[in-house]
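*Asks:* One-letter residues, chain by chain:
There are 6 protein chains.
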Amino acid sequence: MAQDKTALVISAHSADFVWRAGGAIALHAKLGYQVTVVCLSYGERGESAKLWKSEGMTLDKVKAERRREAENAAKALDVHDIQFFDLGDYPLEIDRDAKYRLVDVIRAVQPRFMLSHSHYDPYNLDHSHTTKIAMECRMIAQAWGHNPGEKVLGAPQLYLFEPHQTEQMGWKPDTFLDITDVWEKKKAAIECMEGQEHLWHFYTNVAENRGNHFRRNSGGQSGGRAARYAEGFQSVYPRTVDEL
Amino acid sequence: MAQDKTALVISAHSADFVWRAGGAIALHAKLGYQVTVVCLSYGERGESAKLWKSEGMTLDKVKAERRREAENAAKALDVHDIQFFDLGDYPLEIDRDAKYRLVDVIRAVQPRFMLSHSHYDPYNLDHSHTTKIAMECRMIAQAWGHNPGEKVLGAPQLYLFEPHQTEQMGWKPDTFLDITDVWEKKKAAIECMEGQEHLWHFYTNVAENRGNHFRRNSGGQSGGRAARYAEGFQSVYPRTVDEL
Amino acid sequence: MAQDKTALVISAHSADFVWRAGGAIALHAKLGYQVTVVCLSYGERGESAKLWKSEGMTLDKVKAERRREAENAAKALDVHDIQFFDLGDYPLEIDRDAKYRLVDVIRAVQPRFMLSHSHYDPYNLDHSHTTKIAMECRMIAQAWGHNPGEKVLGAPQLYLFEPHQTEQMGWKPDTFLDITDVWEKKKAAIECMEGQEHLWHFYTNVAENRGNHFRRNSGGQSGGRAARYAEGFQSVYPRTVDEL
Amino acid sequence: MAQDKTALVISAHSADFVWRAGGAIALHAKLGYQVTVVCLSYGERGESAKLWKSEGMTLDKVKAERRREAENAAKALDVHDIQFFDLGDYPLEIDRDAKYRLVDVIRAVQPRFMLSHSHYDPYNLDHSHTTKIAMECRMIAQAWGHNPGEKVLGAPQLYLFEPHQTEQMGWKPDTFLDITDVWEKKKAAIECMEGQEHLWHFYTNVAENRGNHFRRNSGGQSGGRAARYAEGFQSVYPRTVDEL
Amino acid sequence: MAQDKTALVISAHSADFVWRAGGAIALHAKLGYQVTVVCLSYGERGESAKLWKSEGMTLDKVKAERRREAENAAKALDVHDIQFFDLGDYPLEIDRDAKYRLVDVIRAVQPRFMLSHSHYDPYNLDHSHTTKIAMECRMIAQAWGHNPGEKVLGAPQLYLFEPHQTEQMGWKPDTFLDITDVWEKKKAAIECMEGQEHLWHFYTNVAENRGNHFRRNSGGQSGGRAARYAEGFQSVYPRTVDEL
Amino acid sequence: MAQDKTALVISAHSADFVWRAGGAIALHAKLGYQVTVVCLSYGERGESAKLWKSEGMTLDKVKAERRREAENAAKALDVHDIQFFDLGDYPLEIDRDAKYRLVDVIRAVQPRFMLSHSHYDPYNLDHSHTTKIAMECRMIAQAWGHNPGEKVLGAPQLYLFEPHQTEQMGWKPDTFLDITDVWEKKKAAIECMEGQEHLWHFYTNVAENRGNHFRRNSGGQSGGRAARYAEGFQSVYPRTVDEL
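Chains as they are written, first to last, in this note's numbering: chain D, -19 to 224; chain C, -19 to 224; chain W, -19 to 224; chain S, -19 to 224; chain Z, -19 to 224; chain E, -19 to 224.
FYI, nobody ran anything at the bench for these hints, they're computed from the structure.
Hints should not be assumed to be uniformly reliable.
Same chains, same names: a pair is fine if it fits in one copy or spans any two.
[Unchecked claim] Calculated cross-link-like contacts (lysine to any residue; reagent style SDA-like; alpha-carbon spacing at most 25 angstroms):
1) 79 - 215
2) 112 - 217
3) 112 - 200
4) -15 - 174
5) 112 - 216
6) 30 - 127
7) 41 - 112
8) 10 - 40
9) 30 - 182
10) 152 - 88
11) 131 - 68
12) -15 - 221
13) 10 - 64
14) 131 - 203
15) 79 - 40
16) -15 - 204
17) 131 - 35
18) 10 - 219
19) 131 - 202
20) 55 - 45
21) 79 - 200
Based on the provided sequences and hints, a complete structural model is requested.
*Replies:* Here it is, written out as structure tokens:
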């Protein structure tokens, strides 16, 4: 299997990786992983309401501000590399060139695992579209005939991180990750998202309640781990193991 | 989490554990686990067609023969303990006493993980009924008010092993286990099932093809593990992890 | 495969077979099948509102009236044999003896195919319970160790006939049967159900609209069959064929 | 439709109605509804870990304590009537007599709507069993032949309240109820559950985050209602309306 | 929430709104709503078989005839405004400009609720494609950065109206609307569809049988509303309510 | 219904039809069908790893070699006509012109049934995309306004053939076809796929195990057909029949 500790997060808009996978990012950075984040857009049109309510706002100003916030959050989470594809949002459209650009990143990173959005999201089709593209680009990166001579991709897991309304998105976590040790980093990253302050408390609650689910599933009142904060993920592909 | 390496297999009929989890059993025995198998029935009425075609067969003779085969298979797989509840089959009916008996075993074993059948089986309701009972008894074993003073159960995973027609049973494996190292043991156990010789080849094919799925999911032609035999399992509960 | 043309309908209440499978029964009778109907209850408590609104009604009177109607309908449909198990309804409870009685019928009939209710029915748990029992008794009838020496059952299809609110029951038809040739018989049988006149028009509409679905799926405006009345069925088991 | 404002909550264990539907209860009491709660068991064996850790605890003491807590919570929520069926838990078993007792309550209350657990719960089969019984007893209560002469039940909605791990239970809310006005009552009721203090914070988080979902679904940043606390429910049956 | 009574129907082909939502349109018009209908295409290639069988037919003639029929039907239903996007059908393709045009309509109308097709339709991908676009354009209309300064959209429900073969489309109605009072208007609109006379009777049957479902779900033989005609709808988003 | 015996296979890559439907093709050829195969791409980039590992390989050489193998396999299976659309793979993109080209083939062939891939494939989006296109082109081929004057398509079944990891693709076979009589032909065709020798044994195992499923579903130990090799298919549309 992969030699290096690397991971890749594919985020539709520039803040998604913070709320949904900030703990996983900081934790794996702490474990020695180089975590790369790709933001396909800045979420400049659809996820920047607060900015647009300011006087004299322009698309460029919004994008600059969203980029600044994302870079700060990435720093707080010890992200190795963050890339902005600037493909536009609402709707996010991805042509063949953009796909190949994403394939280039995947091959360069050779991630042990990838992270992206839920399969379905009736509120935000940019999210589900991103996941479809993540699967498609994973497939292209595995093709020996795509840029022959490059190192082809193995079979990294694709974890789907937590959407805003899990049940409406048909998202079911099969993996809970204890992020207690890096909670302060995630909290700091969340607080970089100045334009979406209404979500800070929401995602703190999520982390606490997922901590409860972690405790319950690791043994409950009889031997469970005292995790205080956790994140949940849904796996797309089966695991291959040597021990159950 | 649990200190001891233990596992528990709950099998509706006395041969199910062999075809469906023989590799997992032998592998974990090799890894130092004590694996206990509970056979709720012998499958004496419904899964012993070949025996019933013999002259002068009786229910007791069938049960004795099925028990002998299962004990031999258990030995071949290095099972730590095999218990026969003799509850009858086709249909398998489980009253409160039998549930409590199973709870006693669960608490005595304190398994790190459990194994049982698929959630649904339109061909064999004994199978799906067993899984429901496994979940129910896991719940009772966790209850502090059941036989107060006993050590209560933590939260072991329940893996559903492979049914005969996976797609008809709505069974989807999320975990593939490499059983190459213990394949000879599983093969030996399979061949103890003298009454069901028509299934030997079938389950050898299954193991080989699951080996292919293991290879594909561990990296395919780019870094995948060269597993030759594997078994697949579906998890009922989410995992709790420290690293993705 | 089976030599004789036989079919078995398992109906929770004594009128279900009429609305839901009357066309299939009459058509197969016409094709030379011997069709047996088992009514597990009379629907005397839960499906006889009109009767209970009469003066001086008793359980026995309701059952007698329901039986009379069902026998008339069976006659109109050319049913070969109709049996009443009189197990009570709302709720319908089926113990081991009743299961074995049903297994006896299944083995005696040796049906080429069976018919029963949808898998799920949040309005009427007697219906879904009946289907579960039908699958369980099919399994017992296949067991060589159940009444050894009797002819065991092969693997007849189990078709689920149309429930009252298809979408709420999660029922999806995969087979439409043209019943145009026997519509008059089904209509006559429906009109035997004097206590449920409010459903006559409803099930006529169903038959007409399923006729439309038949036409559309047999070729539409380009070669479709001009069926005027049809019934829909969902198969539980896969088919085995020599030609697609 | 029903003339009186009444509602019925069917709770597997004596605390379930508090966490999962306390807001709905208090709110409808405020709206003039008479809300009846039936607790099928006290949760004395399986949901009273803290009590069982005390010296000299007995089943009767646990039940008394659990009853006291539930009665206090009911008072805090302005429950009209609370009934304890004392059927035992882990497992909760319900025979025909208990069903008829529940039918008697349903008919006496003639609820405009009912509340119970999720359809599926792999952690707690008492919960899903209760829901199945709720649907079955609703059906029996509608039967004209059950205790003829009594007023039969109409077709009240059955709402499934929020389980502990929504995604694992396959529960999907289709209705969010604003409970901001009665949050203090729900908080007070929660704090009556002295034996399960570890859940107080969890369910406060749930109420806050469902408040966010309420805001989002009522219009978001463009006209949404500023609900601070909400509860979610899944409907079993379709609604019948005069306006979309 | 929205101040004005407005609704928006998004119809893939020019006749869809009649069969599937004609009652809802006429009823809401009667209730004082301004109902706007957008027909993305005329259904000129794929849903005009009868016209194409005439001598000397051309695409323009078919479109003109289909438009005439749709305008007549809209008039019969008291539609406030009907717009034809003329995007072509079989297949219906929708580029970014067409999406923005639809967003303009959505923002201009500011609908309290929207209506469109089922999520899935293996017979007619134009239908499911339309629904996806409806969700995407709803999302764009909510974006503060799309045409900043315009009034952004709140969170209107999206109801999916009844497809031709409900079970094949995986469509499940959760809302039945009593259209008895406007049935004559719907009937008149249906009869404007001269080219599809074979569907008149079909959709009359549908309306009658949905009336039966309405009666059953509003109380059945114990207090149900005597609706004679109804339409069914599936909601995409959860409701936000003050009373269950 | 259709007069001529014809069938159409739509294969994303040039080898898919061999592994997944080779038996069905050879069997129907033997039954007098003219079977046409359309390969949308050669699978030159993504399914030709072995070739790309050779020195001096180019895209054209890979395509030529893949075409040669597919033509040989087609010959071994008695394919009537094989067409290569050469649309490129990984990703496979299909524009309006390519759709119309496929519609032309469908109309020319007028297939009694069509064969294509599973609805979903998280490993290979070319596969699921092909199925969507197959459904869309079937729809266009049915449109009287598409190339008016041509013979429009009826309503052929679309069978989805077996994917590589059935459970991960959500594929459920409802039809098993006995291919024992043509197994040697399928074996010969498989062996034409020189570049994918690692799959020969895998698909032999599949055929044997599907043979077991055929036997079980045709009657098992009581009257089942002794099929040795079979293929499984999932139907998209309901069947229309004269006898169950």
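*Asks:* A separate judgement is required for each hint: does it hold in the structure or not?
*Replies:* To see whether the hints hold, each was checked on the structure:
1. 79 - 215: Close inside one copy (22 angstroms), not across copies (33 angstroms); limit 25 angstroms.
2. 112 - 217: both (14 angstroms within a copy, 22 angstroms between copies)
3. 112 - 200: Between copies, since 21 angstroms is at most 25 angstroms while 36 angstroms is not.
4. -15 - 174: Classified as neither: same-chain Cα gap 31 angstroms, cross-chain 36 angstroms, threshold 25 angstroms.
5. 112 - 216: Both ways: residue 112 and residue 216 sit 11 angstroms apart in one copy and 21 angstroms across, limit 25 angstroms.
6. 30 - 127: Between. Shortest inter-copy distance 15 angstroms satisfies the 25 angstroms Cα cut-off; intra-copy 43 angstroms does not.
7. 41 - 112: Answer is neither: 30 angstroms inside a copy and 31 angstroms across each miss the 25 angstroms cutoff.
8. 10 - 40: neither (34 angstroms within a copy, 47 angstroms between copies)
9. 30 - 182: within (17 angstroms within a copy, 30 angstroms between copies)
10. 152 - 88: neither (30 angstroms within a copy, 32 angstroms between copies)
11. 131 - 68: between (30 angstroms within a copy, 21 angstroms between copies)
12. -15 - 221: both (18 angstroms within a copy, 17 angstroms between copies)
13. 10 - 64: Classified as within; 24 angstroms inside a copy, 49 angstroms across copies.
14. 131 - 203: Result: close only across copies, 11 angstroms inter versus 44 angstroms intra.
15. 79 - 40: Both: 24 angstroms inside a copy, 23 angstroms across copies.
16. -15 - 204: between (28 angstroms within a copy, 17 angstroms between copies)
17. 131 - 35: between (49 angstroms within a copy, 16 angstroms between copies)
18. 10 - 219: This pair counts as both: shortest intra-copy Cα distance 23 angstroms, inter-copy 21 angstroms.
19. 131 - 202: between (47 angstroms within a copy, 8 angstroms between copies)
20. 55 - 45: within (15 angstroms within a copy, 50 angstroms between copies)
21. 79 - 200: between (44 angstroms within a copy, 22 angstroms between copies)
In the structure shown, a violation is registered for the earlier hints numbered 4, 7, 8 and 10, in ascending order.
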